[in-house]
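S.K.: Turn these sequences into a full structure, and let the hints guide you.
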Amino acid sequence: MSAAEEVVTEAPAVEAVPKRAMTLGVGTSLVVLAALVIAPLFVKNFIIFQMTMLLIYGLAVLALNILTGGSGQFSLGQSAFYAVGAYTSAILMEHVGMNYALTLPIAGIICFGFGFLFGQPALRLSGVYLALATFALATAMPQLLKLGYFEHWTGGVQGLVVTKPDAPFGLPMGQDMWLYYFTLVITIGIYVASVNLLRSRSGRAFMAIRDNEIAASAMGVDVALYKTLAFGVSAGITGVAGGLGAIAVQFVAPDGYTITLAISLFLGMVVGGVGWLPGSIVGSAFIIFVPNIAESISKGLSGAVFGVLLFLVIFLVPHGARQVAIVAQQMLGKLKKH
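When we follow my numbering, the leftmost residue of the sequence shown carries the number 1, and every step to the right adds one.
Simulated from the structure, these hints should not be mistaken for laboratory data.
Any given hint might turn out to be false.
[To be verified] In silico lysine to aspartate or glutamate, EDC-like type, Cα no more than 20 angstroms apart, as pairs:
1. 146 / 255
2. 164 / 94
3. 44 / 166
4. 44 / 176
5. 146 / 94
6. 164 / 176
M.R.: This is the structure in structure tokens:
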């Protein structure tokens with residue numbers, strides 16, 4: 001037996017995707033879920049709206065996490081997919097008269113195809129060059145939405161006003177509360193599906209490409225297929241988030257989907273922890289609430305205050321919320337021992 005064969009046969013079996021690497025424990029998950037279900041019952045409508053946007057941006061950050069944390073591909077173009085999803089739902093609701101719930105899977109499918117097609121030429125790029133290509137996509141999208149060719153459908157610069165749906169079946173709850181619970185159900189479904197995806201054969205292929213593309217190809221992974229598939233899945237989830245965002249905000253306009261949104265989503269992924277799906281909701285909370293906190297500290301220097309707060313977070317916890325969760329888990333372990 002050769003030395004190489006001895007190494008292979010003696011190497012211990014290692015779990016390809018550690019379960020704790022991408023999700024919370026059962027107990028913690030139930031506590032978080034209970035908090036998300038009960039909290040809207042005790043707050044005002046504006047807070048419920050903010051919680052809805054928290055879930056929506058959390059979905060968009062999760063989608064980016066699948067692409068970057070899962071397959072190792074950087075993207076600064078998520079705002080383009082978010083815009084396509086938002087306009088798809090808005091146009092289907094206002095021009096076609098389609099039910100708002102039915103527009104979401106259509107938005108997801110269209111964005112999946114858009115992302116998959118964009119991933120084809122992006123195969124030639126990697127690293128900062130791929131980031132620049134997606135940056136160009138995000139920069140161009142608002143201008144494309146303003147073109148006169150699409151003005152009848154998109155409303156051009158003025159945008160489209162979207163009607164917020166009422167609760168079905170005569171349920172005794174307001175529009176904001178119903179939309180929150182509707183968004184929560186969709187978020188939970190996509191989150192569970194995403195965790196299962198990363199634990200599946202396709203997820204292991206994503207991670208193999210992320211860790212070492214050459215080695216993955218040598219092991220028989222179809223690198224081109226899985227890289228474009230990762231782009232498609234990420235774009236599809238972002239499109240659903242965009243559709244939900246259009247329904248929640250009740251308005252879509254090109255200037256609402258600029259590169260600033262793409263950078264915010266990327267920032268949310270970093271703060272939440274790259275590759276850690278539960279961190280998506282933490283990153284979403286950061287990009288929604290921290291700017292408000294910065295503005296309350298100093299309206300004239302809110303941007304500078306936000307920059308300082310961001311620097312402190314990155315300096316103290318460079319691995320994001322995942323690092324905080326690991327430290328908390330270790331402290332709990334020590335307390336249990338004592």
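S.K.: Can the restraint linking residue 164 and residue 94 be considered satisfied, given a maximum Cα separation of 20 angstroms?
M.R.: holds (11 angstroms)
S.K.: Run the distance test for residue 164 versus residue 176: straight-line Cα separation, threshold 20 angstroms.
M.R.: holds (9 angstroms)
S.K.: Hinted pair, alpha-carbon criterion (20 angstroms max): residue 44, residue 176. Please report holds or violated.
M.R.: Between residue 44 and residue 176 the Cα gap is close to 10 angstroms, so the pair holds against 20 angstroms.
S.K.: Measure nothing beyond the straight line between the CA atoms of residue 146 and residue 255; if it is 20 angstroms or shorter, mark the hint as holding.
M.R.: It holds: about 9 angstroms lies between the C-alpha atoms, which stays within 20 angstroms.
S.K.: For the pair we were handed, residue 44 and residue 166, check the Cα-Cα distance against 20 angstroms.
M.R.: Judged against 20 angstroms, a Cα distance of about 17 angstroms means the pair holds.
S.K.: Regarding the pair residue 146 and residue 94, is the alpha-carbon distance no greater than 20 angstroms?
M.R.: With a Cα-Cα distance of about 18 angstroms, the restraint between residue 146 and residue 94 holds, given a limit of 20 angstroms.
Of the hints listed earlier, there is not a single one the structure fails to meet.
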